[in-house]
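Asks: Residue numbers (numbering that gives the first Met the number 0), protein chains in the order written: chain A, 0 to 331; chain B, 0 to 117.
Derived from the structure by calculation, the hints contain no laboratory data.
Built from N, CA and C at the ideal position, the CB exists for glycine as well.
Cβ-Cβ distance ranges computed for the label pairs, FRET-style: (1) A:Tyr103 <-> B:Gly115: 46 to 56 angstroms; (2) B:Glu112 <-> A:Pro130: 53 to 63 angstroms; (3) A:Thr98 <-> B:Gly55: 17 to 27 angstroms; (4) B:Asp109 <-> A:Gly30: 30 to 40 angstroms; (5) A:Tyr143 <-> B:Gly115: 39 to 49 angstroms.
Below, each chain spelled out in residue letters.
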Amino acid sequence: MLVATALSCIFVRDLFAVIMVFGLYSLLSAGFFLSLKAPDVALTEASIGAGIAPILMLGTLALTRKRSEPQPRAKKSLRSALLPLVVVSLTGVALIYATLDMPYFADPAAPIHNHVVPRYIEQSGQETGIPNIVTSILASYRGYDTLGEAFVIFAAGLGVLALLGFLSDGSGREYWQFEDTANLRHHAVLHVISKILIPLILLYALYVQFHGEYSPGGGFQAGVIFAVAFILYALVYGLEAAYKIMSPVVLRYMMVIGVLIYGGTGVLCLILGGHYLEYGVLSDYPKHGQHIGIILVELGVGVTVASVMMTLFFTFSGRAKRSVLKKQGVET
Amino acid sequence: MTLVFGLFNYWVAMVLMMIGFYILIASGNLIKKIIGLNIFQTSVFILYISMGKIKGGAVPILTEGTEIYTNPLPHVLILTAIVVGVATTALALALVVRIKEAYGSIEEDDIHEKDGSL
Chain A
0 MLVATALSCI FVRDLFAVIM VFGLYSLLSA GFFLSLKAPD VALTEASIGA GIAPILMLGT
60 LALTRKRSEP QPRAKKSLRS ALLPLVVVSL TGVALIYATL DMPYFADPAA PIHNHVVPRY
120 IEQSGQETGI PNIVTSILAS YRGYDTLGEA FVIFAAGLGV LALLGFLSDG SGREYWQFED
180 TANLRHHAVL HVISKILIPL ILLYALYVQF HGEYSPGGGF QAGVIFAVAF ILYALVYGLE
240 AAYKIMSPVV LRYMMVIGVL IYGGTGVLCL ILGGHYLEYG VLSDYPKHGQ HIGIILVELG
300 VGVTVASVMM TLFFTFSGRA KRSVLKKQGV ET
Chain B
0 MTLVFGLFNY WVAMVLMMIG FYILIASGNL IKKIIGLNIF QTSVFILYIS MGKIKGGAVP
60 ILTEGTEIYT NPLPHVLILT AIVVGVATTA LALALVVRIK EAYGSIEEDD IHEKDGSL
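Okay, chain A solo, but in the shape it has when bound (with noise of 0.2 angstroms):
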């Protein structure tokens, strides 16, 4: 199946089909990752990669053009047309002989099993208390690459942000009516539809946030179901009544906000005379302040990825709104 639809991704032509092919695509694998029990990646695949990259792909698509160039076959040599296969089959081939040397699927004794994790299986219950093993990982043992991540995210955000330019001059009253999305405001059905399910979603969120330690989830995936909520709501009801909600403004602030929360957890830890992000001393049990630590930086995360989220959206949203302008300004 994976496979299937990656291939349809070479033959489609028409690029919103391929985009839409790449959400199945994106489904498909995070049904896989659950069946190989790993909840939490399937839970962040199945928000991201069927949620916010067709998003975005798509508002980039609303930007440039619909069609995929047809090639002009005539022009195109055999050597440029094989060349690529020729180089993919040889890549293929080596890796998959390299794979010769690999440990079997789910086998025991493969040495990935063998060295740190058993310690983290063993110990993390009783160090941190949390029972989600992937949670305390991420935000304890590894905490130092998960500041790493959140400061890519918002690295990412800002360069996007820089790239495609700030909303407006600051003066906050240039937002019009995205055309497409003004047929949807008619549409009583989805308004019903989404009024009901909106909050729901936002609820959900939040458990996933501050359920995280327990079951499946964390900041990460819960910024990411905040952040689909809000696009949702932006494309029902218009951009506009999105803005009024959620000012592109505040979302910046919220950006530096969400790494500074997780930076100054660790900031906290030094003052309180631990070495950075070592949780143990935020209380008088070492526990209770993994614990605490861990809930921190959570949210530091999730606070930075659901605003960085939004103002993605926003800005890619925000400069189609831009160009139709700009066209309407030519012709009148």
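With chain A fixed as given, assemble chain B onto it according to the hints.
Replies: Then chain B, alone, in the frame of chain A:
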């Protein structure tokens, strides 16, 4: 036969990776290239998660009476990689938008033509 079943998941990951790679180098459209890159990326995720699977392992959430858990380390790595992946994809898409504005096209050939390169 054990060879085939033992390594099947990795082979699927390799095939997906090569499909992504092919889209990346053979297609001229920049958005399609990004989709290819994303497929490539997902295949790496599948490779990692497959390696983390353990026979009879439960979901890595501590519960009483469970002995074997699936390896949580790849889950952590991939979970963050997915989110970072979408952030970098967004950056790439933003670049595409700017290229479109500068060159009026998102086809590689047109851009080369305008630049006079190749």
